Amino acid sequence: MKVGLIIEWLDAWRGGAETSTQQFVNRLIDLGVELEVYTRSRLPARPGMKVHTIKVAGPSRAMKTLSFCRRADEMVREAAPDVVHALTPSLAADVYQPRGGAYPETIRRNLALRRSRSARA
Numbered sequence: 001m002k003v004g005l006i007i008e009w010l011d012a013w014r015g016g017a018e019t020s021t022q023q024f025v026n027r028l029i030d031l032g033v034e035l036e037v038y039t040r041s042r043l044p045a046r047p048g049m050k051v052h053t054i055k056v057a058g059p060s061r062a063m064k065t066l067s068f069c070r071r072a073d074e075m076v077r078e079a080a081p082d083v084v085h086a087l088t089p090s091l092a093a094d095v096y097q098p099r100g101g102a103y104p105e106t107i108r109r110n111l112a113l114r115r116s117r118s119a120r121a
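So in UniProt numbering, spot 98 of the sequence shown is number 98, and the numbers just go up one at a time.
Some clues are possibly wrong.
Subject to a maximum C-alpha distance of 30 Å in a straight line, what follows is the list of computed DSS-like cross-link-like pairs (lysine-lysine) [said to hold, decoys possible]:
| id | residue 1 | residue 2 |
| --- | --- | --- |
| 1 | 64 | 50 |
| 2 | 2 | 50 |
| 3 | 2 | 64 |
| 4 | 2 | 55 |
Just so you know, the hints here were simulated from the structure itself, not pulled from any lab data. Remember, it's a predicted structure, so these values are computed and weren't measured experimentally.
Based on the provided sequences and hints, a complete structural model is requested.
See below:
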């Protein structure tokens with residue numbers, strides 16, 4: 001079986017969603033699944049997994065994500081795997097599994113990014 005996996009970032013240092021996705025990837029490879037990963041991360045080559053690193057440009061993080069989503073959809077449609085599993089929004093996905101991490105932690109991190117003390121209060 002050939003599976004296409006779409007995830008914008010797959011670096012373990014980014015957090016729990018990426019770490020658990022790497023565990024999922026390892027299990028798929030152990031099961032003998034032919035895996036193609038579409039990501040912005042630069043991952044090392046390994047047996048059983050082909051990595052398509054997608055480079056994008058844009059004026060903002062949102063535009064870069066949108067560009068990634070569009071390009072990943074184009075590439076995965078061209079590759080035509082048996083199943084497309086996406087953790088990043090994808091119109092080409094057979095399975096969409098959004099991951100957001102822990103919401104309280106996300107809120108804390110977002111507040112920490114605010115510049116003014118009053119915005120954090």
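Agreement of residue 64 and residue 50 with the hint, judged by alpha carbon distance not exceeding 30 Å:
Within the cut-off at roughly 23 Å; holds.
If you draw a straight line from the CA of residue 2 to the CA of residue 50, is it 30 Å or shorter?
With Cα atoms ~11 Å apart, residue 2 and residue 50 stay inside 30 Å; holds.
Between residue 2 and residue 64, does the CA-CA distance stay at or below 30 Å?
With a Cα-Cα distance of about 27 Å, the restraint between residue 2 and residue 64 holds, given a limit of 30 Å.
Going straight from one Cα to the other, do residue 2 and residue 55 come out at no more than 30 Å?
holds (23 Å)
Figure legend: structure checked against the earlier numbered hints; every hint is met.
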